[in-house]
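Undergrad: Dock chain B against chain A, hints included.
Note that the protein sequences, when read in sequence, are chains A and B.
With this note's numbering applied, the first sequence covers 1 to 428.
With this note's numbering applied, the second sequence covers 1 to 428.
Don't take every hint at face value.
The list cannot tell twin chains apart, which means a pair is met if one copy fits it or any two copies do.
Quick list of in silico lysine to aspartate or glutamate cross-link-like pairs, EDC-like style, CA-CA up to 16 angstroms [as the list claims (entries may be wrong)]: (1) K149 with E339; (2) K110 with E331; (3) K397 with E428; (4) K97 with D380; (5) K332 with E280; (6) K115 with E339; (7) K307 with E241; (8) K97 with E114; (9) K10 with E36; (10) K115 with D380; (11) K307 with E272; (12) K91 with E104; (13) K244 with E428; (14) K332 with E309; (15) K91 with D53; (16) K332 with E114; (17) K110 with E87; (18) K291 with E241; (19) K244 with D392.
Just so you know, these hints were derived from the structure itself, not from any lab.
Single-letter residue listing:
Number of protein chains: 2
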Amino acid sequence: MKIIKNPLQKNWSDILKRPTQTIDDIEATVNEIFAEVKTKGDQAITKYTSLFDGISLNNFQVSMEEIVSAEKEISTELKSAIQLAKENITKFHAAQKTDRVEVETQSGVKCWQEKRPIQKVGLYIPGGSAPLFSTILMLAIPANLAGCKEIILCTPPNKEGKINPAILYTANLCGVTKIFKVGGIQAIAGMTFGTETIPQVYKIFGPGNQFVTVAKQLATRFNVAIDMPAGPSELLVFADETAKPSFVASDLLSQAEHGADSQVILVTTSEEILESVEKEVESQLEKLPRKDIATKAIENSKLILVKDEEVALNLINQYAPEHFIVIAENEKFFVDGIENAGSVFIGNYTPESAGDYASGTNHTLPTNAYAKQYSGVNLDSFQKSMTFQKIDEKGIKTIGKAIELMAEAEGLQAHKNAVTLRLKSLEE
Amino acid sequence: MKIIKNPLQKNWSDILKRPTQTIDDIEATVNEIFAEVKTKGDQAITKYTSLFDGISLNNFQVSMEEIVSAEKEISTELKSAIQLAKENITKFHAAQKTDRVEVETQSGVKCWQEKRPIQKVGLYIPGGSAPLFSTILMLAIPANLAGCKEIILCTPPNKEGKINPAILYTANLCGVTKIFKVGGIQAIAGMTFGTETIPQVYKIFGPGNQFVTVAKQLATRFNVAIDMPAGPSELLVFADETAKPSFVASDLLSQAEHGADSQVILVTTSEEILESVEKEVESQLEKLPRKDIATKAIENSKLILVKDEEVALNLINQYAPEHFIVIAENEKFFVDGIENAGSVFIGNYTPESAGDYASGTNHTLPTNAYAKQYSGVNLDSFQKSMTFQKIDEKGIKTIGKAIELMAEAEGLQAHKNAVTLRLKSLEE
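So here's chain A without its partners, still in its complex pose:
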């Protein structure tokens, strides 16, 4: 771990720099697969599934039998855990529903704003060693609450052409309408253009490797929206003397095990905490099954000592962490003052894992300093707000003159005419 004491502000950007990823090499491959899926549909999907996932599938839509049999493969304990998580996530996201906003801005000029669901959404869940069924909870639950009609899910099959049962169980539990055994670039292309089997969607959500990330970026050129730009996961912890070093170390390591490129930062005002967290990290690291991955991430991690909490807060706001844990006597100072963070975890008994799985908040959050301008996934991510207005004779008389003047000043005579005609008809 790199220890940095009282860095000068002019050096903060260098210290807080995230590793950059080059994507230029990948773009050609992504363009090629998109072009092929667009023109050849299912045939291209089958070809790339065979090529990348090593399995030739005649039918890549998951059947109801597969879902029923998946349910039997999962322990009752895990099912209860998933259901508890579902309950909490549902409570928190249902509370985000907003009423219609209605204002009569002038007598006879009624304006309102309503949220309506995005009709068709696509969720992407990566395959690999860790079956991320928790991400299905985070995406399908708010999609359902928002009222999305079509909620499809793509995830790569294993070499036997199967999907992890926890993924099938969770998807079915949370109201996913169709599940496809398709992964990677071809999955994103399939949801972007639609194929004979895969419906075209309006917005694509979910994590993935750099191929999926570049594919999602490309999808935005074809009238599809995406949840947010992706990057490696990050955690920044602020801890003062009231923090338990073993807890802090366990949180840093839980972030580090995500990948060698995970970002892990401790900011503290206490030399003692800095030293004891460092020791704890070393000792806990030894026992982890994903030790190799975590070790690489920890090598790039930083322990930063600053002179006071104000400096700490400025530095944290400049970094804009995806996850921000604050364990401090003066936690209110940080909670009130944080301008840029995806999700904030407060106190010794609020590990990041809680938000990752079961507290109720969403774990799809902005990385790579995007917390400066992006929200994490929430109910609104699955809706769009539309405005409505209804003006009566009195209303147009009140605001008509202003519209005429402004339209004329902008050189838009036909805009003015549309009002003038109406005002004249009311004079008659």
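TA: Below, chain B alone, put in the same frame as chain A:
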């Protein structure tokens, strides 16, 4: 105008197709200017302002003296009109403020969501014949209400190095913090990277030509967000026999005068309305100062007759218009059933111009069918929602087991450990 009667549903996509724009040629230019602004800052800004706007400026930040003198150049009438619009837009956007959403998902597990302002935003206002000061109202008012600290504005100077006084007046009235005489690609690049004079921003808003559109797209590769993807403006009107043909024609023309590529569509269940609107368009068109532009747009416009309102609604939802005017006895059917539209204008006395300028709703809206998944600009566009959570000893005991089980099932041992350590400490 193209008249289409009772088209088969399988032909709707062709009929509703927007003209596609090719952007490949522009990309090289945009890349080049971005690279130069990134490395050379103000020097590059000055160079391109001289090249594209034909004026060499030593200082491109607008001074307080210029703002004061601009105020004197505008008529009292226009000022009052702008102030009325400001009042209505403020009322409607202030009403969009949401309270903190707080839920105790389990006893001892408190989760809340809060919106916090995007600290630095940049507004772009195009130059040219029509000074779009109304767009400043639509962007700067909600930026201010949201609490954005830095609200900068870039707009190209004319050949004398000046900015239209209505733009300066409106920007100052609405709390823009700094105004720069910089336009086009170099303005977007300046706000993306920051220069000695122009601050770097986190999100860029506003319309522009295709160069600006491509530049905004490129900006998103450098950690900047944009309001939404842009395209030519659109209007779809549904009118039944209760509509006044002259009003409908004036609305279609007000859209048509925006540009030769504007999209104008009438959908109706009445042959009589179709015919009389067509006649009215032809007669009103003759008198327009922007007749040449409007004529081109009208040539591509469509008058579509359908057999009933249900077919009409399906077709409109498939098109997803930016602006949707509905003048119908059964307006409720459309207002309730519209799934995809930027803003909806209801009844004979609600011209699109009202929303463009002064009713209170925002006029920055999704075009090109993006109403399927994007909101128009609203208060939330200038904020991001952050989540917070605080779990106490009791709370972690309640949800800890579920987290452990799920983390283990996902193969993430360190995530589990972060909970296990805490649970163990509570057993002691």
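Undergrad: Against this structure, judge whether each hint is valid.
TA: Hints, verified against the model:
no., hint, in the structure
1, K149 with E339, "between (35 angstroms within a copy, 11 angstroms between copies)"
2, K110 with E331, "between (44 angstroms within a copy, 15 angstroms between copies)"
3, K397 with E428, "within (13 angstroms within a copy, 75 angstroms between copies)"
4, K97 with D380, "both (8 angstroms within a copy, 14 angstroms between copies)"
5, K332 with E280, "neither (27 angstroms within a copy, 64 angstroms between copies)"
6, K115 with E339, "between (26 angstroms within a copy, 10 angstroms between copies)"
7, K307 with E241, "within (14 angstroms within a copy, 74 angstroms between copies)"
8, K97 with E114, "both (11 angstroms within a copy, 14 angstroms between copies)"
9, K10 with E36, "neither (49 angstroms within a copy, 24 angstroms between copies)"
10, K115 with D380, "both (8 angstroms within a copy, 12 angstroms between copies)"
11, K307 with E272, "within (13 angstroms within a copy, 78 angstroms between copies)"
12, K91 with E104, "between (32 angstroms within a copy, 9 angstroms between copies)"
13, K244 with E428, "between (80 angstroms within a copy, 15 angstroms between copies)"
14, K332 with E309, "within (11 angstroms within a copy, 56 angstroms between copies)"
15, K91 with D53, "neither (37 angstroms within a copy, 55 angstroms between copies)"
16, K332 with E114, "between (34 angstroms within a copy, 15 angstroms between copies)"
17, K110 with E87, "between (38 angstroms within a copy, 14 angstroms between copies)"
18, K291 with E241, "neither (28 angstroms within a copy, 73 angstroms between copies)"
19, K244 with D392, "between (64 angstroms within a copy, 14 angstroms between copies)"
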